[in-house]
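K.L.:
The lines below spell out each chain.
Protein chains: 2
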Amino acid sequence: MKLDISRLQRTIDQINGIETTQEEGVNRLALTDGDMKARRLFKEICSSIGLKIWEDEIGNIWARKEGLDPTLPAVLCGSHLDTVPNGGRYDGLLGVMTAVEVLQLIQERELEHDHPIEVVVFSIEESSRFNLSTVGSKALTGELNPSSLKNCIDQQGKSLYDVLLKKGYFPDEVEKIKIDPSQYKAFVEMHIEQGPVLYRESIDIGVVEAIAAPIRFQLNLLGEEAHSGACPMKMRKDALTAAAEIILEIEKKGIEESVHQTVTTTGICRVFPGAMNVVPGEVDLYVDIRGIDIMSMMRAVTDIVQKVEEICKKRQVQQIVKIISQEKPVLLNKRMMEAVKENCRRLGLSHKQMASGAGHDAMNIAKILPTALIFVPCVDGISHNKKERVEARDIENGLSLLYETILTLAQKDEDLNLEKEADV
Amino acid sequence: MKLDISRLQRTIDQINGIETTQEEGVNRLALTDGDMKARRLFKEICSSIGLKIWEDEIGNIWARKEGLDPTLPAVLCGSHLDTVPNGGRYDGLLGVMTAVEVLQLIQERELEHDHPIEVVVFSIEESSRFNLSTVGSKALTGELNPSSLKNCIDQQGKSLYDVLLKKGYFPDEVEKIKIDPSQYKAFVEMHIEQGPVLYRESIDIGVVEAIAAPIRFQLNLLGEEAHSGACPMKMRKDALTAAAEIILEIEKKGIEESVHQTVTTTGICRVFPGAMNVVPGEVDLYVDIRGIDIMSMMRAVTDIVQKVEEICKKRQVQQIVKIISQEKPVLLNKRMMEAVKENCRRLGLSHKQMASGAGHDAMNIAKILPTALIFVPCVDGISHNKKERVEARDIENGLSLLYETILTLAQKDEDLNLEKEADV
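First to last, the protein sequences are chains C and U.
Counted from 1, the first sequence has number 341 at position 341 by UniProt numbering; the numbering is strictly sequential.
Counted from 1, the second sequence has number 145 at position 145 by UniProt numbering; the numbering is strictly sequential.
Source of the hints: derived by calculation from the structure; they are not laboratory data.
Fair warning: there could be bad hints in the mix.
Note that identical chains are pooled: a pair holds if it fits in a single copy or bridges any two copies.
What the hints assert, rightly or not - Dumping the calculated DSS-like pairs for lysine-lysine here, alpha-carbon to alpha-carbon at most 25 Å:
hint : residue 1 : residue 2
1    : K313      : K252
2    : K234      : K352
3    : K2        : K313
4    : K234      : K158
5    : K322      : K387
6    : K252      : K314
7    : K252      : K307
8    : K307      : K234
9    : K176      : K322
10   : K176      : K43
11   : K37       : K313
12   : K352      : K341
13   : K234      : K313
14   : K314      : K367
15   : K234      : K387
16   : K307      : K322
17   : K341      : K176
18   : K158      : K176
19   : K412      : K367
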């Protein structure tokens, strides 16, 4: 069965018509005008197809299609509408609009389903504005309170708490929106991979088994500034050549731990004073280690820190290591994964069980509901960028898979036997 | 013979009293208020001891003490008064004020000398303001014209040409000040080493044999931005890990060529986009290679460029190498070196024949006059920094050596047999 994606592509284009230019990409930073306009348009679209719509205290938008038995727990699916600055056309939006399209197809085809089905737009998924990611879904699991919203400040100095108030939401009531797990059967999020694996390996679908968590640390290296002409090589305490050795050790460790899906990245390297004729006296490195295997991640961190000590000792450079964050990976529900894979097989879609290196709302919801995260390939793995693209056949595959998966989940089916707790 | 340095220290302190704070260091950026006040004070000091004073069209200040035979060519000595922002108390100033102290001692002791003796303060030695160094001495060798002064722009957008006009100088006449070599017998500059060699090796005096020239190039590395969590290690084109390998090769080459006094430095490393969760897509490195042996420098450049190609090919990163400058080292006059060394021996000063890694006015004057450059140690080699220090005994040694050397040069002495051209 091939599904027509022309209407889905139109609604995607419609929302991307807001605050988007060819030069800059998509600008729907959380709770800015672009985001607010997109929310309004999303609600209009859902309303026009007869869904029941409401917003919660932190701005998550909900759209519900009733089932044959309204007392049954709902099947939930969705993603987010907000973007990074100059972002892409599919990150978040694809999952949201595909879910709406699925509901519209079920409606048109007058298909019966036992469980109600709800689409959710999670509020403030990207961390770009308030330095906190997946805010809406964190609130749904009870992780946030008014004071944590007051502590998130944007570049203009406005707190998330104040911005929510100004936009008509109720940050003081954020704790009330915690989901009652008995009200929901399962959650499914479809998202672009934001990495190159599926695209390069020509695989249709990624079935996510775990969402990686980052361990992040800052490394301050203190050598000695010297004149680039006047200081002989053997008398130098060059902070940048020490940093270079460390960067290569960090990469080497990532390659060694690849077999456990751990990756290591030095994303920031700042050099002081940073002048052509001065041997660098100080370097700051920021290191990000991600994985789904805690033992492998910890091994990488320990080995890197030991190497840093050896290199700095040898080069007479002082080092300060500062852990910035240390999160745990989230494993997804195995029965949900099996349900998704079964639908892939039925649709003839090639698929791969994989980790998600990036964080998603699904990682929060997985703590309270049986959760699946489905990836579709994006061209060359490019995301958070105006060049982000998804091929039409991958949109079609994603739509078909989400359609089948939601229909499966929305039937009363004791065999699926989902557990409320993640099956770890 | 021990010379008393208390007066010299007072005049140094007096000039350093201008635009200097404990927090920031010395601020006599070329042609700013601090520099202009220091020039005025210098002229007052010279005037008070009866020297004849004049300024030339580009602001070099000249102070002359007549010899027994005023028709003989003069012996020239001097350095500069201007500093880098937040600079040190001795860079340039020590050479200028020691030369004045020598003239004052000769005057007080009523010592006879055949040749006239002149002290010169070179204008605009530091490149910090106008991105061109040793302007005053370049003008004296005929290297500059009004349009080259118009092309030097400071951070406020003012050209060197306009600033000179505003301060009462005559940039249109800059070509007129070219020195007639028949009017000068020799030039001696005393300067702090600005490197750690003499201080760490406990040597009193550096007798400079050559002034290193930099070859500088920019290296642009273009990899591929990717999500730090979503992109597996083996699919990355990380511009920073490529840069790290290159930085270590550059260092390795410098160590290999150390025997020829060549040094290699990566002073600037800029990483884009420079975010914690993004594999770096682009890196700019700026490399400075200095030496006094052209073959060794060229070998270093060629080998580095070849390594860059290998590393980039292996890592699928694109590279652009852009040569920024390529200057030739300047060899100093051997008979002048011998005269300085002979005076060291007479005074019981330990000394070392060495290269100057940094540029100095002496490198320009050496093209037209027999020139000597004398280094005194500075503590830990620290310079261009408010922590720059020179120990009292090293000031004393420098004063004694300059005193003896100027007296030697100022006597009619056919044996010295200086040649006008650098003895290369």
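K.L.:
Does each hint fit the structure? Answer for all of them.
P.N.:
Hints, one by one, checked against the model:
Taking the closest pair of Cα atoms, K313 and K252 come within 25 Å of each other both inside a single copy (20 Å) and across two copies (18 Å). With identical chains, the CA atoms of K234 and K352 are at most 25 Å apart between copies only, with a shortest distance of 18 Å across copies and 52 Å within one. With identical chains, the CA atoms of K2 and K313 are never at most 25 Å apart, being 63 Å at best within one copy and 43 Å at best between copies. In this assembly of identical chains, K234 and K158 lie within 25 Å of each other by CA distance neither inside one copy nor across copies; the values are 50 Å within and 41 Å between.
With identical chains, the CA atoms of K322 and K387 are never at most 25 Å apart, being 35 Å at best within one copy and 29 Å at best between copies. With identical chains, the CA atoms of K252 and K314 are at most 25 Å apart both within one copy (19 Å) and between copies (15 Å). In this assembly of identical chains, K252 and K307 lie within 25 Å of each other by CA distance both inside one copy and across copies; the values are 11 Å within and 20 Å between. Proximity of K307 and K234 under a CA criterion of 25 Å is satisfied in both settings, with 21 Å inside one chain copy and 22 Å between copies.
Proximity of K176 to K322 under the C-alpha cut-off of 25 Å is found in neither arrangement, the shortest distances being 35 Å within a copy and 60 Å between copies. Within a single copy, K176 and K43 get their C-alpha atoms as close as 23 Å, which meets the 25 Å cut-off; across copies the closest is 79 Å, which misses it. Taking identical chains as interchangeable, the C-alpha atoms of K37 and K313 are never at most 25 Å apart, the minima being 56 Å within one chain and 47 Å between chains. Taking the closest pair of Cα atoms, K352 and K341 come within 25 Å of each other only inside a single copy of the chain (9 Å); across copies the shortest separation is 77 Å, beyond that limit.
For a Cα distance limit of 25 Å, the shortest separation of K234 from K313 inside one copy, 15 Å, qualifies, whereas the shortest one across copies, 31 Å, does not. In this assembly of identical chains, K314 and K367 lie within 25 Å of each other by CA distance neither inside one copy nor across copies; the values are 46 Å within and 43 Å between. Within a single copy, K234 and K387 get their C-alpha atoms only as close as 47 Å, which misses the 25 Å cut-off; across copies the closest is 22 Å, which meets it. Proximity of K307 and K322 under a CA criterion of 25 Å is satisfied intra-copy only: 15 Å inside one chain copy versus 34 Å between copies.
In this assembly of identical chains, K341 and K176 lie within 25 Å of each other by CA distance neither inside one copy nor across copies; the values are 35 Å within and 86 Å between. With identical chains, the CA atoms of K158 and K176 are at most 25 Å apart within one copy only, with a shortest distance of 24 Å there and 62 Å across copies. For a Cα distance limit of 25 Å, the shortest separation of K412 from K367 inside one copy, 23 Å, qualifies, whereas the shortest one across copies, 95 Å, does not.
In terms of the numbered hints stated before, the structure departs from hints 3, 4, 5, 9, 11, 14 and 17, listed from lowest to highest.
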